[in-house]
Amino acid sequence: MHIDIVFLGHQTWYVQENSTSILIDPILKDSFGTRNAFKIEIYPPRDICTDHLQEIDAIYLSHEHTDHFDLNSLNVLARTAVFYVGSLMIEPVVESIRGLGFEVVRLNDFEKIVIGDLSIRLYPASTETAFWESRVYQIHIESELNKEESLFIAVDALLSTEYKDDIKQGNVSPPATVAVSNNSRIAPEGVFQSLENWADRNSRLKKGPLGIKVLHSILQSYLEDFPPPDNLLICGGGFFKKIKNYGIFPFSDQDKLATIASDLSFDQQVYGLLPGQQFNYSNKKVSITEVNWIERNLEKTEALQKELKEFLQSKTKIEPLASVMEQFANTKQATEALKQVQFNLPALGRSLMLSTPGRLALELKQYRGEMVNNKRIVLLLRGDSNINDHAFFLNFYTSRFEVEITTDESQLMELYPYGISIALTDFDAMLKGAVQIWDLVGVSIKSWFECEQEFDSLVPFMYSYYGENVSPELAKINYEHKLAMVAV
Amino acid sequence: MKINFLGHQGLIISSEKVNLLIDPVIQDSFGSTERVRFYIHPARDIFVSEIPSIDAIILTTEHLQHFHPQSLKLIATRQTNNLPRVYVAPLMPACAINLIESLGYIVERSIPEQVISVGGLRLHFFTADESTLFWDKRVSSVYIESVNSMQAIYVQSDCPTSARFVDMINDGKLGPPTAILLTNNFQISKNIASIGLDNLYPVKNERNSGIGGLHLLNSVINQPLDCLPFVEHVFLTGNGYKDSYGLIDNVWDHEKLARYANELSLSFKVFAPLPGDIYELGENVELTKSPWMTLREEKKSVSDKKTKDILGCIPVLKPIVKIDQKQLQQIESELSDLAKNIIMSSQGTAMIGVRVHMGKQLTSARFVIQLVSDGINYQWFLDLTTAKFTREEFDQRAMRIYPFGLRMYIQDFIGLLNGEVQIWELATVSIKQWYISNRYESPVAFLYEYYSEQVRPELAEIGYFNSLEYSVA
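From first to last, the protein sequence lines stand for chains A and B. Just so it is clear: in the first sequence, position 56 is 55 by numbering that gives the first Met the number 0, and no numbers are missing. Just so it is clear: in the second sequence, position 26 is 25 by numbering that gives the first Met the number 0, and no numbers are missing.
It is worth saying that the hints were derived from the structure and are not from the lab. Heads up, some of the hints might be wrong.
List time: in silico DSSO-like cross-link candidates among lysine-lysine, alpha-carbon distance up to 30 Å [as the list claims (entries may be wrong)]: (1) B:LYS203 x A:LYS167; (2) B:LYS136 x B:LYS172; (3) B:LYS325 x A:LYS431.
Since this is a predicted model, take the numbers as computed values, not measurements.
Please construct the entire structure, taking both the sequences and the accompanying hints into account.
Have a look at this one:
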């Protein structure tokens, strides 16, 4: 018998050996996300006939992010499958999966678990990984019938150090096939991106040989000091935000990238599977076939690719939305929301003082030719017809948020080296768990920063602070909303 | 120019009848409460009434070893008319300025690279560089030049030599300093007690191994002078206090460090000034003694008596006989804020990175806080999957279960939350911790940051005002 690996889109995999099958990070619908109007759609688009998945033995969830964990998708699966997660998976995820009626098992790091004819081992992400991806577990899957057949899914975080060590020490046989993720999600020129620096819009991020950089980073830098596997699979980046209307992310056609990479090598085979393709590697031979339970939507795929092409030629701009959430119903609601945010500012201020952007702001000597004083970080809360804009700055002498009378965004950018501009209605919804920070970035949040690295700026701080690891109570409310929507 | 050393890092720099008082602690001791005092060492008597008239006060940082409210009050009461102006570091927290102003002073926050003139002296403040530890990031160095004598003194204070300062010297924008005052605050704990960032796990403390004194000479003297090779006179300051329990050990005394540095140098001379020493800069440096200060014998520390302790902790504040519900609520509400910040801290990252502990697989509960008392002992563990502290039964063997832990007296933790005592004071004498990470990723390192003056200024301010009450002779 042989391991068959079926790609379902983005980072969802179905792995089968003999009569045993495991489903990994299942996104089975055509979209995911909290708000219906802002759903994130899977690319390339496909329909999955989930009847085929009712017999699976196990489901594995690598981490808690919404492009891996979707209660809507899980709801269509038979509760007979055992759910596996890593030891540091946040508790609200586990609770909500149990809420759907699954049995959830937390696995110890590195421990081999045999599931029928397959075995799995979880490896925690390298400790150098960005904070909000630091709970990712990478999975090694091996055939119990033939040790030569194995797959390692090395996605979304830096490659596990212990996995490299285990291979070196012979505790694990080197994987025949490794899946890596392309999370570059480069916005074309004219489109803002999640970590856009609004004070410096001529960002180098959208220029230059970007495709080479992407390939080099996922296939070379990422796999440095890793024994080259027989096959590399590129996945990830398999979604787009409909509201942005430019089709898909450039360099997210993994099949095309893979073909180029293979062409540039004498000995390395690289594949970018399309949803519905089944990858089989036995006796050193690759075969790629199609499964009949996944159907690609070719028409839509082509339309999206065309949309991107036209967008790139049109040189148009796509601006952020005023808000992801609806406007406030009335002034009373808006005022309440403002109060709620203000109530949260002291704690936010303390954490910001300790954060990377807080430290960098403290170290800053000059901004735009002027010596910096106590005004270094500002929060602009954009109002709507029910409430004015309000701004608060973190006073570096008192370490407290205080009222800033200027509420003009571009003036604030002149005054403050670090800032974030967010709709009050969105901030309010995030504090209530109605949306997640991930639903807001790249849609309605703007930020600017004086640091060199975008990962040291305020938006990544928000990923950490309002993300699932630090604010699991917000994630919990969010999941409860979603559970309530799912008809159990 | 003359430098009159007052003990620890306190100074009077004089030139042409202008006297600048810098970071003065002119009493015997400093500290937020009478229950834990830090005594200036070597001990000296200062006749306050005979201190010359002060023209300006300079504060390089808000830390208690430099910013001593009681001393400022004494100077203010002595000098009734024309209080000297107080010049503070550019990033001095407002909570410290509030206290100084309450004593009647006019405070001027210095601006980096702007010159302040006091008589014939010109002051330049330089804020700490990026490489400085978080809790010292607001420290400033001061460069003081005398217009007429063409001399200048660089007071480094508690941060590395400013790269901007070195650039300005190299570019000829400032004249090279005649003398530089360097800081050595390297301390270890006596009697293998663990203090500060030390670890209860029996791991090798790298700070105490190898040729530690050479390492210190390199960082304290060689690194700054490598950037300022033309400086001829070097003064070692710092390490000028002892705690009341006698736990602090300033292992490498300045006299010895200076002696070896001089043997190992061709171009500069290192001095190890004592309180009361006055050095006059010139072709030859001249040493005289201050007429209003005399060295005296030191008091015995309390540790010579038997100190009561539980599991290695010394109680600092007054014991609480019975913890009430309100106090428990205060602790638990604080812990819920702490949880998020610990998870985001470098300790949090280190905790996520731990794979095995004592040969066993870890659960997601990786940190424990133990609050002990003469009655009930309490314990809360932090679960990384819920970002919450949960109370559980106190366990003496917690070090075997949790890879990270913190232990202190419950009244001290409550005192910390009420601003009665600073984290630095507690960590120096009382808090115990264990961790499997480097010392800057440890629980106490996190507390140093979280309860620092710049994150919890409201607590620091309470402590400053309280400290005015304690003039311990």
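Hints not upheld, ascending by number: none
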